[in-house]
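Asks: Below, each chain spelled out in residue letters.
Protein chains: 2
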Amino acid sequence: MYQFLSNGTVTSVKGFKAAGIHCGIKKRKKDLALIYSETSCTAAGTFTLNKVQAAPIQVSKEIIKNKKTVRAVLVNSGNANACTGEQGTKDALAAQEYCAKLLQVTQSEVIVSSTGVIGQAMPMDKMLHGIKMITGRLTDDGGLDAAEAILTTDLVMKSWAVEVSLSSGKVTLGGICKGSGMIMPNMATMLGFITTDAAIEHPLIQELLSEAVNKSFNRISVDGDTSTNDMVTLMANGVSGIQIVKGTSDEALFFEALQALCIEMAKSIVRDGEGASKLVTVHVKNAKSENDACTIAQSIVNSPLVKTAIHGCDANWGRIISAAGKSGAEFNPDLTSIYFDELPILLPNYQAVIDEEKALSILEKDEFTITVDLGDGQCDSTWWTCDFSQAYIKINANYRT
Amino acid sequence: MYQFLSNGTVTSVKGFKAAGIHCGIKKRKKDLALIYSETSCTAAGTFTLNKVQAAPIQVSKEIIKNKKTVRAVLVNSGNANACTGEQGTKDALAAQEYCAKLLQVTQSEVIVSSTGVIGQAMPMDKMLHGIKMITGRLTDDGGLDAAEAILTTDLVMKSWAVEVSLSSGKVTLGGICKGSGMIMPNMATMLGFITTDAAIEHPLIQELLSEAVNKSFNRISVDGDTSTNDMVTLMANGVSGIQIVKGTSDEALFFEALQALCIEMAKSIVRDGEGASKLVTVHVKNAKSENDACTIAQSIVNSPLVKTAIHGCDANWGRIISAAGKSGAEFNPDLTSIYFDELPILLPNYQAVIDEEKALSILEKDEFTITVDLGDGQCDSTWWTCDFSQAYIKINANYRT
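Residue numbers (the working numbering), protein chains in the order written: chain A, -1 to 399; chain B, -1 to 399.
Simulated from the structure, these hints should not be mistaken for laboratory data.
Some clues are possibly wrong.
Because identical chains cannot be distinguished in the list, a pair is counted as satisfied if it fits within a single copy or across any two copies.
Claimed, not checked - With a straight-line Cα cutoff of 16 Å, these simulated EDC-like cross-link-like pairs (lysine to aspartate or glutamate) come out:
1. 49 to 199
2. 49 to 353
3. 49 to 332
4. 99 to 371
5. 124 to 107
6. 49 to 328
7. 356 to 199
8. 49 to 138
9. 59 to 378
10. 356 to 339
The whole structure should be built from the sequences, with the hints applied where relevant.
Replies: So this is what it looks like as structure tokens:
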């Protein structure tokens, strides 16, 4: 069994230090974060599938691909170092090299990550000066500062830790993330950094992360866009002395905790989506295949018409079933039912049984679940989305990413 | 050569009459349209690919599939007759039957079409009373009334006619359409009804319409959603005495006129998209394959981040290339250039050459073109989109489709 810790963060995990500072990439807010492990870590990562990949993505993917050990993650906000050509790659490597030198680790042991404006050169003087400062400020409780420093248009900090009891003792997992705009499934869809004091070898560490990301970060939607910079990493330093072994009940327990952490992180991103005022869980069940369930849920969570109806507290099941219909997935609309929380809205053969007053009281809540029961199989899929508000338009018409 | 006629409409074409009236499905506005040919027509149609298809779509698809002759199109707005189950089909057939009876034609000669609220039973008493009224009001210049009666959240009427000189004389094409929300490629994406006095046999009539729709109505985006009710039909009554024969230069000239008409209709829908203030042409060129060009253009025209940037007059080429990158199409971002009208914004190897002042003067126009030159092939694709405004959210949070 796992449990969430209060004020949990990446430094709630033994052997990890962190810091978050302002170095001048942004005008005033914190813009540089560093997560550091006192000992060598195995690491896993998932990266954006966008064909246009920021320089730090290219650099960090190589580390993960080659199953290198890792000691630190350096993250800046305010500048994405994306669409910056050869100079961008040089800059990412220079930051990585300098950070490694000051931490006295190998260059390839530093994962690098950036988020912010696309297409502008990194202000390397500020960046290098920042690296010099931040490497001197690592502390055992710096996780929340790091969580703050990776934000862009986010309104709230996103930080968690979870403890799980295994057969030979407890291990801890911590995670920080940022999201806001440009959130859409397929792949990491934002930045997330997870630490654990369990020991996990390759290839298991990557399998665990990929599976957890697939059912959490890859199932959220704010606006259907996918960024050039998205990544989620997991660092395991083994300081707990507990090894996660494939096929054991400990592995299942650890995965359960990792997935719960990832889902909490992902939901926090949706809840804080640009202009969002509601978190809506979309649960598609009794589909013929998991793929059909996924495709239909994805189409619903990405439909602007569904998202604006949710914003307007309109019990518009027509838009929901229409979004399912355009998905291309196999299902029979005649067998389909729709529920808001436990309240039936539509029953098979298009029986609209909607009680407008009760539906409204659910739609007005900050969080609720839309269940689409296809009545035609046994597979299901759960996704998360937010409403589409006028504030989203305002933020994105005026902010240059 | 073709030319557009002033105040052109479906009744600008010889042998067609039309009418548009208010029968009470909507509170005050016109809500019932009828287009009628004095003689028998061949007909073609393209229909929504949504798995959830409104009753009139099912009824009308059968007519086109079986290559039946056609005499009329009956269209109501205000109620989509979608997600209405068996009763919906009965209602669509009853309307078709009654209309055919009053027009003294065969039941299968009446195409039926609906647009409006989903999931509510058709008010058949009003509908049948309306059919009785409208069949008595057909006139030679009723096309504009019909154009008005098919609108829902549209702000302007959409009606055109084009004349084309062929080897043995002139033929005319007329078209009316409605769009607004729920506009997205794949398939007809809205309602469009085209008439012509040319004679065109099967299967050529369907080939010509499908090809023209594919490069017009299927290449527009307002909000990425696809309706349950979309259809475009072409009726050819042959009254001009001029036959379009496959493989002739007349066929090419006729197709050119048909395509120009469809593009004008499609663009008018984007221009009047819910909350839209700009019409933007997205031209992707020098792609390796037409499919790559299409996929990239589609991803750009559907990106909420691109559409909000356009709304905010932000020369945000990063969002454009990022939207291209997430499309999944094959291209090399390093070779890509971006232009606003003739102004270079991005040159290969991520050279941002943007002149902010000149870019702004283009972005502030009502209409402009974004050209994405992939520099890697010879294929191209042209699409149309509008900006995403706060008004879009407002309209769709408060209107129940």
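Asks: All hints, please: hold or fail.
Replies: Hint check results:
1. 49 to 199: Neither. Shortest intra-copy (30 Å) and inter-copy (46 Å) distances fail the 16 Å Cα cut-off.
2. 49 to 353: neither (46 Å within a copy, 26 Å between copies)
3. 49 to 332: Intra 39 Å, inter 11 Å, cutoff 16 Å: inter-copy only.
4. 99 to 371: neither (56 Å within a copy, 42 Å between copies)
5. 124 to 107: neither (22 Å within a copy, 74 Å between copies)
6. 49 to 328: Answer is between: at 8 Å across copies they meet the 16 Å cutoff, but 29 Å inside does not.
7. 356 to 199: neither (51 Å within a copy, 55 Å between copies)
8. 49 to 138: neither (38 Å within a copy, 55 Å between copies)
9. 59 to 378: neither (32 Å within a copy, 32 Å between copies)
10. 356 to 339: within (11 Å within a copy, 52 Å between copies)
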